[in-house]
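What follows is the residue order along each chain.
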Amino acid sequence: MVFIKEYSFVGGKDSMQKITNEVNKAIFDSGIENGIVVIEAPHSTTGILKVASCGEEVLADIVKEMRRIVPARINYLHQESPENAAGHIKSSLFGSSVSLILREGKLYCEEEQDIYFADYDGPRKRVFSVCVVGD
Amino acid sequence: MVFIKEYSFVGGKDSMQKITNEVNKAIFDSGIENGIVVIEAPHSTTGILKVASCGEEVLADIVKEMRRIVPARINYLHQESPENAAGHIKSSLFGSSVSLILREGKLYCEEEQDIYFADYDGPRKRVFSVCVVGD
Amino acid sequence: MVFIKEYSFVGGKDSMQKITNEVNKAIFDSGIENGIVVIEAPHSTTGILKVASCGEEVLADIVKEMRRIVPARINYLHQESPENAAGHIKSSLFGSSVSLILREGKLYCEEEQDIYFADYDGPRKRVFSVCVVGD
Numbered sequence: 001m002v003f004i005k006e007y008s009f010v011g012g013k014d015s016m017q018k019i020t021n022e023v024n025k026a027i028f029d030s031g032i033e034n035g036i037v038v039i040e041a042p043h044s045t046t047g048i049l050k051v052a053s054c055g056e057e058v059l060a061d062i063v064k065e066m067r068r069i070v071p072a073r074i075n076y077l078h079q080e081s082p083e084n085a086a087g088h089i090k091s092s093l094f095g096s097s098v099s100l101i102l103r104e105g106k107l108y109c110e111e112e113q114d115i116y117f118a119d120y121d122g123p124r125k126r127v128f129s130v131c132v133v134g135d
Numbered sequence: 001m002v003f004i005k006e007y008s009f010v011g012g013k014d015s016m017q018k019i020t021n022e023v024n025k026a027i028f029d030s031g032i033e034n035g036i037v038v039i040e041a042p043h044s045t046t047g048i049l050k051v052a053s054c055g056e057e058v059l060a061d062i063v064k065e066m067r068r069i070v071p072a073r074i075n076y077l078h079q080e081s082p083e084n085a086a087g088h089i090k091s092s093l094f095g096s097s098v099s100l101i102l103r104e105g106k107l108y109c110e111e112e113q114d115i116y117f118a119d120y121d122g123p124r125k126r127v128f129s130v131c132v133v134g135d
Numbered sequence: 001m002v003f004i005k006e007y008s009f010v011g012g013k014d015s016m017q018k019i020t021n022e023v024n025k026a027i028f029d030s031g032i033e034n035g036i037v038v039i040e041a042p043h044s045t046t047g048i049l050k051v052a053s054c055g056e057e058v059l060a061d062i063v064k065e066m067r068r069i070v071p072a073r074i075n076y077l078h079q080e081s082p083e084n085a086a087g088h089i090k091s092s093l094f095g096s097s098v099s100l101i102l103r104e105g106k107l108y109c110e111e112e113q114d115i116y117f118a119d120y121d122g123p124r125k126r127v128f129s130v131c132v133v134g135d
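Chains as they are written, first to last, in our numbering: chain A, 1 to 135; chain B, 1 to 135; chain C, 1 to 135.
Just so you know, these hints were derived from the structure itself, not from any lab. Please note that the accuracy of each hint is not assured.
Derived pair list, reagent style DSSO-like, types lysine-lysine, alpha-carbon separation capped at 30 Å [said to hold, decoys possible]:
id: 1; chain 1: B; residue 1: Lys106; chain 2: B; residue 2: Lys5
id: 2; chain 1: A; residue 1: Lys5; chain 2: B; residue 2: Lys18
id: 3; chain 1: C; residue 1: Lys25; chain 2: A; residue 2: Lys106
id: 4; chain 1: A; residue 1: Lys64; chain 2: A; residue 2: Lys18
id: 5; chain 1: A; residue 1: Lys106; chain 2: A; residue 2: Lys25
id: 6; chain 1: C; residue 1: Lys64; chain 2: A; residue 2: Lys64
id: 7; chain 1: A; residue 1: Lys5; chain 2: B; residue 2: Lys25
id: 8; chain 1: B; residue 1: Lys106; chain 2: A; residue 2: Lys25
So, partial list: chain B residues that the calculated Cβ filter (under 10 Å) puts toward chain C [said to hold, decoys possible]:
id: 9; residue: Met1
id: 10; residue: Val2
id: 11; residue: Val10
id: 12; residue: Ile36
id: 13; residue: Glu40
id: 14; residue: Ile69
id: 15; residue: Gln79
id: 16; residue: Ser81
id: 17; residue: Ala85
id: 18; residue: Val133
From the three backbone atoms N, C-alpha and C, an ideal C-beta is built for every residue, glycine too.
Isolated chain A (complex conformation) (with noise of 0.2 Å):
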């Protein structure tokens, strides 16, 4: 069984929005009860992260530390802003899809993580889709 549900909402500049609750609606619409979950961004300058739900201070050096490893700067060939440039790298470094297993109605990472839709430029409109495969 196959359910596809997308969710389209405007995000910040450079931020991290949880996505965990659109996820787990998608999961209990979709009636399926163990499987594979992937949600996927299909923008150049977004991610989808899986990341501790301990607190913000893991999330704030997530950005930082992306921030201090592919830094928005001048010198990238794509020139429509050093943000926009940076912002590609940082999609294909963290990646822009995850594969999450769905275990008796639940995703498998629930007890410990949560699920974020990252804009490395922004703010514009983007949209993400939680694609649900299994029985």
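Following the hints, complete the assembly by docking chains B and C onto the known chain A.
Showing chains B and C alone in chain A's frame:
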């Protein structure tokens, strides 16, 4: 339903080859309309990346940034060659498989993105496979 | 068809543990021949990596490069420990789940690669699951 198709080719040295057409052909041949597409390179110095289809500059930036973040150099323990040793790290960092959503017969990301096979070493014979699972 | 199997163990400190045998056992037990295998660690300072099976040097290089790119240090906001804070970043960078292709009863990558469970913190009790979806 499951459909798997393998492609082989000889890549360039530290190159990025667009494989969107091959992925789309596998999807078409599968007859599957909705589900998940996994694209995987079974090598250790290659990668599969989902990248903006907005032009050559972004692609060149990614290759350059990969080299900046993981330089080919002589102080790796693995001594096959600096490029090969760095390629193993790049493959782990940027990933050698991706999971994408297939919706109504098309890649969910097709409007903004292309799929690339990155060869961090080469040139040598390389393969990758496209697996489509769904209805 | 869907098959899920969980494994638990106590990992080492900042260690890489080969789990290819566990993955292959789950595949065998599933009876599934073709499809997708998702391997996921539900923790935030661990990762799942697909790495060359060509020897210990590559593995040691990867661990060393992870520490170079994301050093354990005291200026993270998350203050549990430098290793733990760095581990959260490594987990996001290198990923904590992978999607692999299963073809004719075998991992598509089995000739050249092994699957590893990376523990960036530890030692503590850890788990991971293997989910096989296909025919």
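Okay, the hints, checked on the actual structure:
1. Lys106(B) with Lys5(B): Answer holds: Lys106(B) to Lys5(B) is near 17 Å, not above 30 Å.
2. Lys5(A) with Lys18(B): holds (28 Å)
3. Lys25(C) with Lys106(A): holds (24 Å)
4. Lys64(A) with Lys18(A): holds (17 Å)
5. Lys106(A) with Lys25(A): holds (11 Å)
6. Lys64(C) with Lys64(A): Within the cut-off at roughly 22 Å; holds.
7. Lys5(A) with Lys25(B): holds (25 Å)
8. Lys106(B) with Lys25(A): holds (24 Å)
9. Met1: holds (8 Å)
10. Val2: Interface hint status for Val2(B): holds (5 Å vs cutoff 10 Å).
11. Val10: Result: violated, 17 Å to nearest chain C Cβ.
12. Ile36: holds (7 Å)
13. Glu40: With a closest approach of 5 Å, the Glu40(B) hint holds.
14. Ile69: holds (7 Å)
15. Gln79: holds (7 Å)
16. Ser81: violated (13 Å)
17. Ala85: OK, holds: Ala85(B) within 10 Å of chain C, min 6 Å.
18. Val133: Val133(B) check passes; min Cβ-Cβ to chain C is 5 Å, inside 10 Å.
Comparing the model with each earlier hint shows violations of hints 11 and 16; every other hint is respected.
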